[in-house]
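Spelled out, the chains give:
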Amino acid sequence: MKKLRLLLAVILVIALTLSIAACSQDSKQSGDSSSATSSDSSSSTSSSSSSSSSSGKSKGTIAVLNYVSSAPYFICGEKKAKDAGAKAGYDVIYTGTPEVDTPKFISLIHDMIQKDVKALVVASGDSTSVAPVLKEAMAKGIIVVSWDLDVQRDARHCYAGIMDLAELGVPMVEEMVKTIGDEGEFAIITGVLTNEFLQARINRILEYIEEKYPKLECVAIEGMDEDPEKCFAVAQNIIAAYPNIKAIMSNVSTGLGPIGKAIEQEGKIGQIYACGQSTPNLAKPVFESGAAKSAVLWDPGDWAAFAVTIAANLLDGVEMPEGKCNIEGFPDATRQDDVFYFWKTLTFTKDNVDQYDF
Amino acid sequence: MIKLNKMANNNEMILALFALFLFIGFSFSSPYFFRLGNLMQLTAQLVELGLMTLAMSASIISGGMDLSIGAMASLFTVLLATFMGTMGLPMWIAIFITFVASLLCGMLNGFLCGHLKVNAMLATLGTQALFSGLGLVISKGVTIQCINEKFFFFGQGRIAGHLPFQTVILVITAVFSVILISKTRWGRRIYLIGSNNEAAKFAGINYKSNIMLVYIFSAIMSFICAIVITSRISGGRADVADPLVLQSVSASVFGGIAITGGSGNILGAMIGVIVFTLVSNGMNMMGASQFLQQVIIGSILLLVLMFRQLIKRQ
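Sequences listed follow chains A and B, in order.
Take the first sequence: its position 299, counting from 1, is numbered 299 in our numbering, and each next residue is one higher.
Take the second sequence: its position 171, counting from 1, is numbered 529 in our numbering, and each next residue is one higher.
In case anyone wonders, no lab produced these hints; they're calculated from the structure.
Incorrect hints may appear among the rest.
[Unchecked claim] Covered stretches of chain A, as calculated for chain B (at least 3 residues, CB under 8 Å):
id, segment
1, 102-112
2, 117-129
3, 337-345
Just so you know, even glycine gets a beta-carbon here, dropped at the ideal spot from N, CA and C.
Construct the complete structure from the given sequences, taking the supplied hints into account.
Put into structure tokens, the structure is as follows:
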């Protein structure tokens, strides 16, 4: 009987040894060594392994850390981030906490500091929690670039963004005009009415319409409190309250789907359109039903690649002047103090939506 | 051979050997693991899960399960950040008021589970929603910043430039908890309540007051955890400690605490925390995927549970 116990203990130890050996193998294939290997996008979506430079010896490692690494939005950024790193001669570790877990995310950043990475490219769920650890990294000479959501200004060297997100309102209006024409009533459903970023975008939309399409009239601005079910109900109310309405615009990426569903349920396909922001996966069924013709967002892959490129440039001492700053691969990129934008949005339609998965 | 057999019967010894095995394995697998900086960092990473596991272990041993510890700790981070950051109260006053709040939260749980005899999981599921809601109302759903240089020492300070102060907090708290739960009369009572409540009654043990103390103990551990987190992130957020709840259940069970209550000990649970943290840190140092880490931790947990069950059946 006791022999059996010991036997089981041995089996347990062997099983774990094998696990560790497997992981060790994984790490050898990835970034711990400086030998060059090429990145494999198809197999690496859920891994944090790194790709090496395609041009010989790596100059070091850039860690891209996301606060929800299991989200398709972040998963789809991995290939382009690694490619951008390889192009600049750096290995890229693309990782994060599978779900929102701030203490673990901070520990992960600490671990990356201990791994002697040259740069941290961080998308954090909030701007302040990671500030102390990022300051610690900066004090150790590590370059810190924030992307997606910015962090506290004194906790990073720069922010790599897509554009002043209020300006995203302009392509949203243009896409709406392509769908319903340049006159008529429309409504906006936003995430949270108290959110200053979202409100700034609404103001930009109204300003742009007044200037360029004065015959368009925004009859209602409602909040969905980041709740798709509430968005559905709000859209239904708007359809009932404004019989002449031609479009309902979503100011957040999760609103187009519920708005489209409400249009479908109310039997208004072809009369009222959903428009504005959406991720491609949420937009697909709405395109199929005919409740929307297009949606605007950005490519998270381009964004991640841009952030990695900025980090690599800072490491290499590449000059990036104020104004138009000529960053390789991002011809429209601009710099204003410590904020970089690459000014590239993505418009999804029925024809191209299947090319994306997030 | 006899010694080996004795070791096989000693849960903590097996787990400690396993942790040692992992430590040696990771030291050889990654050049970054066995370095003073990382080892110190590793001890710091034990702290939050360690404190929450202490809170969870006590409630599981007593036959219940305090699911509100994450929400409580999050609420306390919000309170600490609000008192020090928004209201500008002196550090010790903020800590004292939050400590009193933790006692009240613990008493509420204790009252529901001990006096009203509401099922512990259901009661604490309810209070979890209550504490989370309070945290959200106070913080309005955003992170409240708390800049207080003195307070930062709890979660960011280093003794002699190396040893994280939070590690010292965990060691002191863990030693105190081991003694309290394994060596005192109250500790023995909660084991008896957890293993056989009826027998405990016949033995004249006051169920209400002892259970009340269990949940107050859990709340105090959550409070200490909140101090470390608030200091570490320089702020408070209404959901910051939520993910630690299930991890603390896993670490407790991994460490040998029976989910049905009445057996296991705190030392084993602490070794469980060490194993989980070692795996996480070691695999990060090796560059392994976060998703793979979950698979490995899950597999380790399953293997240990199977191993334990087989021994029991033998």
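Against the structure, the hints:
no. : hint    : result
1   : 102-112 : holds (count 9)
2   : 117-129 : holds (count 4)
3   : 337-345 : violated (count 0)
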